[in-house]
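Novice: Residue numbers (my numbering), protein chains in the order written: chain C, 1 to 189; chain B, 190 to 359.
Calculated from the structure, these hints are not laboratory results. A few of these clues could be false.
Unchecked claim - Negatives, chain B to chain C, calculated, CB over 12 Å:
(1) Glu198
(2) Pro231
(3) Trp301
(4) Thr303
(5) Glu304
(6) Asp354
(7) Trp357
Unchecked claim - Simulated DEER-style distance windows between Cβ atoms:
(8) Lys334(B) <-> Asp170(C): 35 to 43 Å
(9) Asp170(C) <-> Gly208(B): 34 to 42 Å
(10) Thr338(B) <-> Lys124(C): 42 to 50 Å
(11) Ala202(B) <-> Phe178(C): 30 to 38 Å
(12) Asp232(B) <-> Gly126(C): 21 to 29 Å
(13) Gly113(C) <-> Leu339(B): 41 to 49 Å
(14) Asn239(B) <-> Asp117(C): 18 to 26 Å
(15) Arg282(B) <-> Glu123(C): 30 to 38 Å
(16) Gly113(C) <-> Val324(B): 47 to 55 Å
(17) Glu359(B) <-> Ala161(C): 52 to 60 Å
Since we're looking at a predicted model, the values are computed, not measured. Heads up, the beta-carbon is just placed ideally off N, CA and C, and yes, glycines get one too.
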Amino acid sequence: MLREDALEAVYPRLKSQVVVTIMGAVAVELYNLGHQPNFFYLEHGMGLASSMGLGLAVSLPEEKITVLDGDGSVLMNLGSLSTLARYSPPNLTHWIFDNESLLSVGGFPTATGAGTDLAGIAEKAGAEHVALADTVEDAEQAFNEASEREGLSIIVSKVEAIGPSSFAMDINLLENRFEFSRYLRGLVG
Amino acid sequence: MPVSVNNSEIIFAALKSAGITLLSALPETWLVHVMQMAEDDPDMTLIRLNKEEEGVGISTGAHLAGRKSAMLMQNHGLLTSVNGIVSVAQLYRIPLLLVISYRGEMGERDPWQTEGGRITEPLLRALGIIYRKLVDPETVAYEIKQAQTLAESSLRPVALLLTRDLMWEE
Numbered sequence: 001m002l003r004e005d006a007l008e009a010v011y012p013r014l015k016s017q018v019v020v021t022i023m024g025a026v027a028v029e030l031y032n033l034g035h036q037p038n039f040f041y042l043e044h045g046m047g048l049a050s051s052m053g054l055g056l057a058v059s060l061p062e063e064k065i066t067v068l069d070g071d072g073s074v075l076m077n078l079g080s081l082s083t084l085a086r087y088s089p090p091n092l093t094h095w096i097f098d099n100e101s102l103l104s105v106g107g108f109p110t111a112t113g114a115g116t117d118l119a120g121i122a123e124k125a126g127a128e129h130v131a132l133a134d135t136v137e138d139a140e141q142a143f144n145e146a147s148e149r150e151g152l153s154i155i156v157s158k159v160e161a162i163g164p165s166s167f168a169m170d171i172n173l174l175e176n177r178f179e180f181s182r183y184l185r186g187l188v189g
Numbered sequence: 190m191p192v193s194v195n196n197s198e199i200i201f202a203a204l205k206s207a208g209i210t211l212l213s214a215l216p217e218t219w220l221v222h223v224m225q226m227a228e229d230d231p232d233m234t235l236i237r238l239n240k241e242e243e244g245v246g247i248s249t250g251a252h253l254a255g256r257k258s259a260m261l262m263q264n265h266g267l268l269t270s271v272n273g274i275v276s277v278a279q280l281y282r283i284p285l286l287l288v289i290s291y292r293g294e295m296g297e298r299d300p301w302q303t304e305g306g307r308i309t310e311p312l313l314r315a316l317g318i319i320y321r322k323l324v325d326p327e328t329v330a331y332e333i334k335q336a337q338t339l340a341e342s343s344l345r346p347v348a349l350l351l352t353r354d355l356m357w358e359e
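If we strip away everything but chain C, and leave its shape as in the complex, we get (with noise of 0.2 Å):
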């Protein structure tokens, strides 16, 4: 699968939700979709998309919120899967495209390609729902029923190491957090 057609297929669903992606392919290929308020693209700190979630989602509890995550940030902040599972947000989705590959940055293998088991990971980590999906329809349907149950949920996709053309996007970073923020800002009234 494709991490883009993934990402189409569920696009229209995002845009009624909170979403956080990490840097490069996936902030990309989701800002091509159609840039929204409601999305915010952390362009550094590794691993911290995930920990942001939480911070939202336990200060928005009226809205869904989704991470797109990816192998590399997960695998250094391994940590947050375990403290997601222990608070448990009811509102949190944390997406996790699995390239095995530090793609945006030359493509280098991960240790997911030598064996490292995200999905087996957030489950031992206490994680209540763990779902894998493969497929454009797989993923369709995990991301749904997340969207639909009250509890965190966990997607794990693998997907192929491919990324866009090119990373450019013509948004200033704090252009992005403003905005965001703003839109936040107006959602809790």
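The hints should help you fit chain B onto chain C, whose structure is shown.
Specialist: Okay, now just chain B, sitting in the frame of chain C:
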């Protein structure tokens, strides 16, 4: 355990008065009472971390949603959080209140704390983080309020160092 309960209460009350409703923390001897107060207070959300840097992400999410938060940690937790502080909180201009127990300074008896103590203030200066050392319980509420005010106006991390004189009674 001779950690000051009174001064821990003053710190916790001051954090609440500054509007903080979310604390992310990793246990440390000097912080046990403050953490317990946070755990017991229904108006405070406490998130116990596995590693301090997670707290930078949590506070960033909270801030963007309009919620005031702080990180509670030992100075060695500051050391493990440096990349998050630089490449999230400073890059994205997040007002991040860092409340740090200052181990390894004058009077420290644990050898393993001394290297962290030696470089805490130079590190904060290198990061360009404005900080104060909290020594006198009489000024704690004022200093916490001032620090939160500066964090919010500058949209940057600000640090408070909880000293041995404030936290330890013997």
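Novice: Looking back at the numbered hints, which does the structure fail to meet, lowest number first?
Specialist: The structure conflicts with no hint, since it agrees with every one listed earlier.
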